[in-house]
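Peer 1: Following the hints, complete the assembly by docking chain B onto the known chain A.
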Amino acid sequence: MTEKGIVTSTVERNYILTLLERGKRLDGRGLSDYRPIKIKTGIVEKAEGSALVELGNTKVVAGVKLSIGKPYDDYPNKATLIVTGELNPTASPAFRNGPPSPESIELTRVTDRIIRESECVDLEDLCIIEGEKVWTIFLDIYPLDHDGNLFDACAIAAFAALSSTKVPEIKIDEMGEIEKLDTSRSIKLKEIPVSITTYKLGDFKITDPSYKEEDAGDARITIGFTEDHIVSAQKGGFGAFKSQELMDIFESSFKRSKELRSVIKSALNL
Amino acid sequence: MNELERLDGRSANELRNLQIEVGVLHRADGSARVILGKNEVIAAVNGPRELHPKHMALSQKAIVQVTYKMLPFSVEYRKHPIPSRREKEISKVLSEAFESIILTKLFPRSTIDIQVQMIQSDGGSRTAAAIATSAALADAGIPMRGLIGGIASGLYQDHCVLDLSGIEDNEGTGDCPILYSPALDEVSLLQLDGKFTLDQFKTCFNMSIDAIKKIDEVQRAALVKKYDVIRQSILGEEPLEEDDEKAALLTVNQDVTDADVESPTQSEEPEQSSEDMTETDVTVEESQIDEVKEETVDIPKETTPVEEASTDSSSESQASEDTVVKGETSINKESLIAETLDKISKDESPKPSFDEKYNEIDEALKEANDLVTKINKHTTEPEETADKTQSSEEEDRDQFDESSVKSVTELLYEKRKNEQVKDKEKPKSGFFSSKMQELLQNNKLSTGDLNIDVTKEESTKEDEKKREVERDLEYMEYEE
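Chains as they are written, first to last, in our numbering: chain A, 1 to 270; chain B, 1 to 480.
No lab work stands behind these hints: they were computed from the structure.
Hints may contain errors.
Just a few of them, taken from the derived set where beta-carbon distance is under 7 Å, the chain B residues facing chain A [what the hints assert, rightly or not]:
id, residue
1, E89
2, L106
3, S110
4, D185
5, V187
6, S188
7, L189
8, K195
9, F201
The C-beta atom is built at its ideal place from N, Cα and C for all residues, glycine as well.
Next up, chain A with everything else stripped away, as it sits in the complex (with noise of 0.2 Å):
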């Protein structure tokens, strides 16, 4: 997410570069080594469900609010997900307030495609009436403080907090009204979605990047998975990859997405 206005100076990339020809990062990690992860969920009484996402100094907070709405015609037993979220000038002083840009635009909708394709939550299992009543999920993605990598910790951020997610028990009565309960249950989770996002500055690929990093790079690839598939994947930046280095990319990254699940669903106690 290289943002204009907060400008890497060339002293800085090449400086970024010597460090990587040694297997060295800025903050001293290796090339495919992710910052520490700290999940907190269920900050926010009043949402359904929250998070709030840390991945070394970026910091991501998420809330699902939960409302009973219509569903699709061509999903009548599936409740919909909205995902969506904004980049204020809270995270980075590059980000405005106004119309969302075409950056943010493009965050939410990855993050959105990562956590519709995998399938992860059970849709049918959230259906009221078929084809007439379900519950529609508003999930929303505020980045707090960007020192890079928005897209896996949106991600995390996003899983965390559907994962906490508090559906209210309902009751239909005769009439066809449907009453809120004050018992709730827990949302029904089928996989677990990890994005990994690779950056590549010069030759090299990084995983997890900072901020400088970011700024610093050539492109970009999200890649997000489940268990077993890949379900999403995005390229951005102004470079290239070379079709060989994507290959390599989606294999590590398949690779490094076990660990990176493992450690989100320990922290989760899932």
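Peer 2: Below, chain B without anything else, positioned relative to chain A:
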């Protein structure tokens, strides 16, 4: 696993009908129209030009702004004209993809704007948009490191299939559009959604790359074709000139088509796709291929049509052809053509530089002028050609040396002027100007390539008519 049955009967790695046409818009700096199955997209390039608002300008390089837009009537339900989030995302990723290939540092503080409009959309629209954008950028003369082609592949009925149609995309379980530059081996965009295993992804990826290599050839052919049309329009009024030009160009096209049709398909894909690709290529270059065929047929029987044409003097003219020094001029001409051909066919860049183009046209014009004058002199009274003098040739050469200094436009202007004069003089001399007849009477000419060119003249006229009909047909199809 079940047998794959695609709705339109295609095989797994078969493309839909692909047509590319460049220079379709009059006002834009560059433009292209792409038809991919039911997709129809028009791309218009404007720029490099001043950027507003100015705070967006970069002091080091130009910015590239692709605006992908689906017209409200392009899909089943009316699409609201306000840009959707999907359109904005596609615009962003396309901008980035093309920024990776355009030499933006040549135009600091400016913008290159590309408007891509989906006239009709039916699956794989962003890749069709990218094909159009790439061709339009080349058409606009924007310096690029290479061309970008794109195609989507995905999962349909648990099979990896290429180029999903709209319905297949909806029913399928995975979609993966890829933009790729064969010349650079660079993937400038990859998006994916669905459920792919790693192996399925690899299959789809490789299938797309192979297809894009073919698309690239179609793109190049479309760009070459534009210049073919320009050449014809420049040289069109003088069929003989055009003919020489065309002979040169057609052989180039033949090379291209050969490469298109035969080498990649036969070697790589055994069955279906080869058929398919041949078809697509044929649709793109049908007219050219026809021309090529006729040309190759005509050239060997140089003399025969002349016999028919000039029945009176056939024996004499043939005799003269045998006796008269045919060598120098024809060899020169052939070698010249061969040289230019070599230049063109060796040139792998999608768009030869301006200078080269003009030089080629200049040379061809000179040659053609030479021939025209000679032939005009001869066809009237070929009997007299038997005894000719060297001096006239020298005179001719002098004339051409002079003209070689002049620019193409000047030459054109002169040519038109000459023709007007010729037209005026027609009633007097029947067919040729009095000046020519004077020259002829002085016996200052060599037969040279006379016979060849007369036959060619006839075939070109036929070609011209055919081409016109074809163009009309194409246009009608487009209108429909």
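Peer 1: Against this structure, judge whether each hint is valid.
Peer 2: Verification of the hints:
{"no.": "1", "hint": "E89", "result": "5 Å, holds"}
{"no.": "2", "hint": "L106", "result": "15 Å, violated"}
{"no.": "3", "hint": "S110", "result": "16 Å, violated"}
{"no.": "4", "hint": "D185", "result": "5 Å, holds"}
{"no.": "5", "hint": "V187", "result": "5 Å, holds"}
{"no.": "6", "hint": "S188", "result": "4 Å, holds"}
{"no.": "7", "hint": "L189", "result": "5 Å, holds"}
{"no.": "8", "hint": "K195", "result": "4 Å, holds"}
{"no.": "9", "hint": "F201", "result": "5 Å, holds"}
Checked against the numbered hints given earlier, this structure breaks hints 2 and 3; the rest are met.
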